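Asks: Read off the chains here:
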Amino acid sequence: MNEQASPFSPAQHAGPTVIPEHTVEIVSDSGEGAQKAGQIFGAMSAKMGNGVWTVEIIPAEIKPPARSKAGASGIRIRFGEKQITNMGDEADLVLAFNEQVLYGRIANGAYRPGTVILLENKWASHPDDTVKAQYAAGLAELNKRGFVVREMALEQACLAHTSNPRVGKNMFVLGMLCWIYDRDLARARAEINGVFGRKGSAVVARNVELLEGGYQFARSTLTDLHYHVPPRPNLPPQVVTNGNEAIGLGVMGAGIELVSMYPITPATSASHYLAREIERIGGVVHQAEDEIAAIGFAVGASYAGKTACTITSGPGMALKTEFMGLAVMSEVPLVMVLVQRGGPSTGLPTKVEQGDLLSAIYGTPGDAPKIVLAAATIEECFHLVITARQLAETFRTLVILLTDANLATGVSPWDRPTLQAEWMAPPLDQAPWKKGLAPYAWDPATGLSPRPIPGQRDGMYVLTGLAHTERSKVAYDPESNELGCQMRSLKLETLRQGLAKPVVHGDPTGDLLVVGWGSTLGAIEEAVDRVRAKGGKVSSVHLRFLSPMAPGLDEIMAGFRQVMTVEINYSDPHTMAHRRLAQLAQLLRMEHLVDVDSYSQVQGQPLSPGKIEAELWKRLKALSEEAA
Amino acid sequence: MNEQASPFSPAQHAGPTVIPEHTVEIVSDSGEGAQKAGQIFGAMSAKMGNGVWTVEIIPAEIKPPARSKAGASGIRIRFGEKQITNMGDEADLVLAFNEQVLYGRIANGAYRPGTVILLENKWASHPDDTVKAQYAAGLAELNKRGFVVREMALEQACLAHTSNPRVGKNMFVLGMLCWIYDRDLARARAEINGVFGRKGSAVVARNVELLEGGYQFARSTLTDLHYHVPPRPNLPPQVVTNGNEAIGLGVMGAGIELVSMYPITPATSASHYLAREIERIGGVVHQAEDEIAAIGFAVGASYAGKTACTITSGPGMALKTEFMGLAVMSEVPLVMVLVQRGGPSTGLPTKVEQGDLLSAIYGTPGDAPKIVLAAATIEECFHLVITARQLAETFRTLVILLTDANLATGVSPWDRPTLQAEWMAPPLDQAPWKKGLAPYAWDPATGLSPRPIPGQRDGMYVLTGLAHTERSKVAYDPESNELGCQMRSLKLETLRQGLAKPVVHGDPTGDLLVVGWGSTLGAIEEAVDRVRAKGGKVSSVHLRFLSPMAPGLDEIMAGFRQVMTVEINYSDPHTMAHRRLAQLAQLLRMEHLVDVDSYSQVQGQPLSPGKIEAELWKRLKALSEEAA
Amino acid sequence: MFGLKRDWTVTLPERYFTFEDYEGGEARWCPGCGDHAILTAVQRICRDEQLPPEQVVSVSGIGCSSRFPHYMGTYGFHGLHGRALPVAAGVKARRPELKVWVATGDGDCCSIGAGHWIHAIRYNMDMTVMLFDNAIYGLTKKQTSPTSPKGLSTNTHPRGAWLPPLNPTQATLGFTNVSFVAQTVDWNPVHLHATLKKAYEHKGLSFVRILQRCPTYTDKVFDDLQSDPRKILVLEHERGVPVDPALDRVFPTRQAHDPSDMGAARALAARDDVFAIGLLFQDESCPRYEDFTRRGLDMSVDDKLAGLDAALDRFAL
Amino acid sequence: MFGLKRDWTVTLPERYFTFEDYEGGEARWCPGCGDHAILTAVQRICRDEQLPPEQVVSVSGIGCSSRFPHYMGTYGFHGLHGRALPVAAGVKARRPELKVWVATGDGDCCSIGAGHWIHAIRYNMDMTVMLFDNAIYGLTKKQTSPTSPKGLSTNTHPRGAWLPPLNPTQATLGFTNVSFVAQTVDWNPVHLHATLKKAYEHKGLSFVRILQRCPTYTDKVFDDLQSDPRKILVLEHERGVPVDPALDRVFPTRQAHDPSDMGAARALAARDDVFAIGLLFQDESCPRYEDFTRRGLDMSVDDKLAGLDAALDRFAL
Ligand SMILES: Cc1ncc(C[n+]2csc(CCOP(=O)(O)OP(=O)(O)O)c2C)c(N)n1
Ligand SMILES: Cc1ncc(C[n+]2csc(CCOP(=O)(O)OP(=O)(O)O)c2C)c(N)n1
Ligand code: SF4
Ligand code: SF4
Ligand SMILES: [Mg+2]
Ligand SMILES: [Mg+2]
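Chains as they are written, first to last, in our numbering: chain A, 1 to 628; chain B, 629 to 1256; chain C, 1257 to 1573; chain D, 1574 to 1890.
These are calculated hints, taken from the structure and not from any lab test.
Mixed in with the good hints there might be a few duds.
Here are the simulated lysine to aspartate or glutamate pairs, DMTMM-like style, with alpha carbons at most 20 Å apart [to be verified]:
no.: 1; chain 1: D; residue 1: Lys1793; chain 2: D; residue 2: Asp1846
no.: 2; chain 1: B; residue 1: Lys1239; chain 2: A; residue 2: Glu482
no.: 3; chain 1: A; residue 1: Lys618; chain 2: A; residue 2: Asp511
no.: 4; chain 1: D; residue 1: Lys1714; chain 2: B; residue 2: Glu689
no.: 5; chain 1: B; residue 1: Lys675; chain 2: B; residue 2: Glu649
no.: 6; chain 1: D; residue 1: Lys1804; chain 2: D; residue 2: Asp1817
no.: 7; chain 1: C; residue 1: Lys1406; chain 2: D; residue 2: Asp1856
no.: 8; chain 1: B; residue 1: Lys1101; chain 2: C; residue 2: Glu1276
no.: 9; chain 1: C; residue 1: Lys1476; chain 2: C; residue 2: Asp1529
no.: 10; chain 1: A; residue 1: Lys435; chain 2: D; residue 2: Glu1587
no.: 11; chain 1: C; residue 1: Lys1406; chain 2: D; residue 2: Glu1857
no.: 12; chain 1: B; residue 1: Lys1101; chain 2: C; residue 2: Asp1277
no.: 13; chain 1: A; residue 1: Lys69; chain 2: C; residue 2: Glu1282
no.: 14; chain 1: A; residue 1: Lys199; chain 2: A; residue 2: Glu209
no.: 15; chain 1: D; residue 1: Lys1804; chain 2: D; residue 2: Asp1821
no.: 16; chain 1: A; residue 1: Lys63; chain 2: B; residue 2: Asp1105
no.: 17; chain 1: C; residue 1: Lys1406; chain 2: D; residue 2: Asp1864
no.: 18; chain 1: C; residue 1: Lys1397; chain 2: A; residue 2: Glu56
no.: 19; chain 1: D; residue 1: Lys1804; chain 2: D; residue 2: Asp1792
no.: 20; chain 1: B; residue 1: Lys1063; chain 2: C; residue 2: Asp1277
no.: 21; chain 1: A; residue 1: Lys69; chain 2: B; residue 2: Asp1105
no.: 22; chain 1: D; residue 1: Lys1793; chain 2: D; residue 2: Asp1845
no.: 23; chain 1: A; residue 1: Lys611; chain 2: B; residue 2: Glu1107
no.: 24; chain 1: A; residue 1: Lys611; chain 2: B; residue 2: Glu1110
no.: 25; chain 1: A; residue 1: Lys435; chain 2: D; residue 2: Glu1593
no.: 26; chain 1: C; residue 1: Lys1459; chain 2: C; residue 2: Asp1517
no.: 27; chain 1: B; residue 1: Lys1129; chain 2: B; residue 2: Asp1182
no.: 28; chain 1: B; residue 1: Lys664; chain 2: B; residue 2: Glu819
no.: 29; chain 1: A; residue 1: Lys611; chain 2: A; residue 2: Glu21
no.: 30; chain 1: D; residue 1: Lys1723; chain 2: C; residue 2: Asp1539
no.: 31; chain 1: B; residue 1: Lys1162; chain 2: B; residue 2: Glu1253
no.: 32; chain 1: C; residue 1: Lys1459; chain 2: C; residue 2: Asp1539
no.: 33; chain 1: B; residue 1: Lys697; chain 2: A; residue 2: Glu479
no.: 34; chain 1: B; residue 1: Lys697; chain 2: B; residue 2: Asp757
no.: 35; chain 1: A; residue 1: Lys473; chain 2: D; residue 2: Asp1594
Since the model is a prediction, treat every value here as computed from it, not as a measurement.
Please build the complete structure, drawing on both the sequences and the hints.
Replies: Below, the structure written as structure tokens:
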């Protein structure tokens, strides 16, 4: 904590309203620095002990034109007195640099009647009449929708502190937010110093001046907008990352020494992070010529006894399909991180979807049992990479770790992990192989077998994707093929039997059970909690293991009148008599013969707790009508 | 019929035993002509009105060494008084040129105690002692297994007719079979003439002499082996093909003008056939640089308004995954024939499996609804290509037609189709496009839309794999993505509603219902018939549509106490508490929430009716014990 | 276009196309991106040639450059990353009359699509292939491409790209059945247009590598060439890309080069002191694959049915 | 191998390997198949170099030729069609000490694997790549390969292959960072062995195209060269493949060729009147990719944990 009492310190002002949480957006044209301001605000809030979830609003084009709907660039920060696990519902407060960039957000349902919008008003007096007219129309539209618009001369006010308000106003806005949310200005100055320090003290000073100017401006013009969000008590040490950085840290934590990839959104930023950092653990990133080569390179390295992973998204996985089959067939340990995006095909490359579950499990021709996990939080992005590596080597197979664009780009604090040497891959075993021991000496009880590594004397064998005996000899006879298939399948059962029963969130019995997987965890549990708080008998369970699925789900489901999944992938609307259901629902039905329904959307957006809550009430109502 | 009375005509001999059917194998080293002899025998039998199924026994290597287990090369001919739909159970009669080649067949369960084996005995006096010893050991082994071995000096006997019995003995054996099965020698001569005619009359004469020699030899030495298999009455005109030739004919029948492929077993022979023949309908075969290019080329041609297909097997489909997604997303009509083989990975390239069902349906990342059909007979290989083309164009999507190595290599007569001009793709539409009509003007009731073709004035649009509007404009907004997903899914429902309820083979209710798909049809129905004949209450239903599935299965299944699938793909053995089931079983459970069990094998072999029958009795017994 | 006749009339085509007819949606590349200039050049050629827009198909993969079809007012196919060439080949296979432009990036063509590149050159189907070489992965935001210069700092090689860059022109000249290879730069519209026009006119696959500025991610890679235009070596030949006099001041360095001389072409492609622009190699005698794939196009349904009948006869009992 | 010392003793290695140590299962290629000779040559080199079998990895794709690893007594990887090179590169990436032999067919390398081929050359990792060029798809039974001569009747082109064959050597010489290219023929064991030995000794990726007879499907394609051995042009140079005097009678046609002369190498590769055998090009100075990928190999677990801790620090609140 900064010791000096600042002239602007919150203590000097009379009572801000205490609120449990708020969701703020800064929306601008690309290049106006909204994201930087929001990131600093998020980091500050986290350091002050709030739960925080920030997510960037990224335009589809690289340099979109100014004042365009598709060009909206910005950031959403949700922060509160508890842990924040998702981007939340409609925003409470919006800072907007023009009215055009709001349309896309409105279409995404980001605002509700009552949302306060602080809107730059210089457009009202713009020399170009079209702009003027657009602004007037926009204003009318915003008001019509019930938003509380406050027009403000932001750039004008910045002029007191900078000659180039277009570039400087982001720090001005940061200052405003510091007033509104009762943030410690000293902390803001420290953050600015951290971010701009490299650019020299003049830059820092200019930005600090803007910050303080914004603070003063808000204090004098927005006296009614003044809140306090209490901190979380007794927090263990935290790190703040997005999901892809957490994946990168997990790769390092697992001691994976080779990341073999081909760029693809939204997976690539994990590799960017690793390209900068993996040398810290002596690893390397290989950018291959395509996805097939990327997985092939990783498979080669793994065959040679080195831990390797590949990181990709949907179209990349499609190309890796054949090699995935080889890894399963020849029992090469391999971790594949799949950061899902909107599909099918090129689909919505930057948007959120959980649409690759079935193709991850079933996408490989023939019977190719593999392990499929899904991270539910940013923290799990870290830990499950480590788990995945252990599973891959123990079970000598392909492990797919699913995440999605929601986790990949969300930024949130999580408990700093206590590092463990056992997480790391063990050093290369070059001791002589036991003479005569087969390269696939399958334990008939588990399907597991030890693995010879090139360099191990007497371990020589030829890996093949053809059907083979335990000696890895090509074999076309019925028994060998059947035995190999069985052993590969048995490994999944061995793992399944060792898995803990999933934990129910809420009461163990009730009317409605929600089953989820992946990044929807936070939103689902928040919705469940809200409904439960109002007396609805709903609980949820969230799966990390999708293949194999942990035992015990049968009993859990039996405790509820209805079971449904909540997912971000396609299902037919309820108006259709014969519906194609969401992907986990299909899996649960098949495994458990339970009439699992699904609620899902493919809007390229995370599901908000509010949307889920509404759906849960609808289902509960239907159930009670049914009962009546 | 040949008018001349032959000195060897069956009429001259007293009463052959009349039998309904027999299964014969000729097994030899590679290059000894067993297949040629068997093919002629099969063709003759078909022409004489028998039902016939022949299947070649192919060694895994291109030129395997002589007298080796893995080198067995030969043919199985099953023929009978009714239509023959599969390769049957254990053989009744075997002609073997050495004892070594029998071991692999025995491992495949091709023979039963009582199977008569006519075995070349020259090995007994072979100069090499190892060979002599092998022969003695083999003989003992064969006898121990209860086969009825008759040693014969075949090559010796051939010497009367040729100086090179190794090459000539196949025709000698053909002659023997003509005696044993009471075949018309004149017809055999005619076949020989057809096959060897191009090589000149001397060759024909030499082979005819061997034929007649073999006939006489058998007549004098195998007086007790003399059977008659009555012909089928009133046969419509027949053609005799294997499944891949039928596919090739179907491609031509559909007017598909471009076959874009990359060689892969067992699909390639369909393309070989087409490479020779497709110019008859003005089409071409493109051998691409890889499978990705093969499907891309076909997609390009189809985009340009030309009917195209691609033909492949498992590893090839794996590589096509990404393009399959594009075809679905951008609604490019495309037929993909998938001739399944043993998997996963390179697996068992020449062997039978039905292991690609789930990956065909689910293998594409994101939600990619497509039409998946499976041919159940060689005849359907022809007709379903035509259906597939019509569906692809009507529903503007990817249609996968599944066959497998069993159909691909089985040879059998089927009703010669009456050609119809409507089967053929219509000529290229180059009339101006309706101005303003969107390139995806989805009918909200069906999801269908008309398709603009390059060259059509005013139809210009840019196809894209990104989410898009009905105008094919890239769109990242929630509504557009949701609408597109819905329309693509709706098409499947539109088709589903138009599908006829599957037909039950057997009684509409009973104890056990077998559900099958693909090449197992003949074996399943034969097994069901046998069980029913003995009083078992079992019926079967066979699916041609796997995605979407025809309506009405619910009601059908409801009529039975137990439902099971019979498939040639992997399922865990019954000894495992938690079983992974066969692929169709998984689909049925998911769609219908019925406790569908499965019986399946991955032995690289077709399922024989006998094996299925045994399994059905086992299930019936368990059911009756359960009831008791 | 409109030649005055003896009687002072001109023949007006039934339809006359303006530049706008070749415009699709507003081009959404970054300001200053070289792609804009390439688009304009192609649109101009279409206009000059009065190509009915419905007879033109532009095909691309995925990348900034591959957005090209969206900005054309013609038919277009914006397909999969790396797969523009097989799709374009498929389009031509049975529709040889369509005019095909292929837009592909240095990642699209030389990395993920490299296998198709070799084979498309060998197929030599009549189309114009434009390699938008910005030495970077643009759309995915600054990863190393095969043509990134050694040492370039990118998001996948933050400490500098490791390997010497692949030379797409040199590579292409080593493939088989290569019939047309040219180079140009996006920042000289005159030479760009002349090169693409020459390429368009070539019967067979014309491969044009265009150095394309990406101010957003590789604003410095062509600095050398831009700041010292003498490093641009303009190839001159009567059968080459016509050299407009307007270029005299801009690019003073010249060299005579006979485009039928493969050895010289390869030597030129390999030079790293200068960058040769113009036509490096042309051979119109190379077989074109569509001459095989078009076979049978004119067959009637009756003929086809008869053909199928004959095919069935061979299997008849 | 065993040099006599001053005291008339020899140093015997702890382990001495015989030819049999490099033999795997019985080679199941057709009698007369050229693959047998290549296998023997490699086994001889392993024996002569006394490579511990566990330090050798042979990697292949799918095809007749790709059965190669199964017949070696070393570690082996018989992977996917066309993907030998990425796998081999992955093996080397973090195990640079392993000796890697790659067996790939003309379909495997030049058709489905063509993209990897270009890039493997550019990576220039230390391995010996043997292109078994039999001008056909052998394993799948006689389909056209990129190197099939025009007009060859195959199962996919029963009326003759349409296009001129791709020249793998010429293509490779056009790629970037190419460091070793040689050619030889399977039917001369002496030159085959000498060439592969030279390739093995090269530090970097050595690409050796071997004309390989397939008596089963292309028994005639090399007839020309076999019936008229003067068409074999033996390259001679002090830094080239040593030419055994035994070759004098067999292949009388000779040419001096400096393997550092790329221009001459390309010209030799392009000749179709003769087939040049020996070393066409070598440049040991090309960067090797494993020198980048091996970085950090020696880091201890403690160092790694400390590194990770520092990485976490950057995100700490
Ligand atoms: C299968 C697949 N892999 C990766 C991607 C991601 N991706 C899109 S464009 C691109 C590279 C673009 O670079 P380039 O081809 O040079 O085009 P540019 O954007 O520079 O014009 C990549 C890797 C993808 N869309 N599909
Ligand atoms: C993905 C995939 N496509 C196709 C095949 C079938 N296939 C196996 S080997 C081969 C070609 C072999 O030719 P080549 O590489 O020249 O090797 P050769 O047999 O001639 O030695 C093909 C097409 C396959 N195994 N996998
Ligand atoms: S990122 Fe580069 S290549 Fe892409 S549009 Fe912008 S300037 Fe052009
Ligand atoms: S088919 Fe040809 S390449 Fe294959 S093993 Fe036989 S001879 Fe060799
Ligand atoms: Mg680029
Ligand atoms: Mg070959």
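Asks: Just pull the numbers of the violated hints for me, sorted ascending.
Replies: Per hint list: zero violations.
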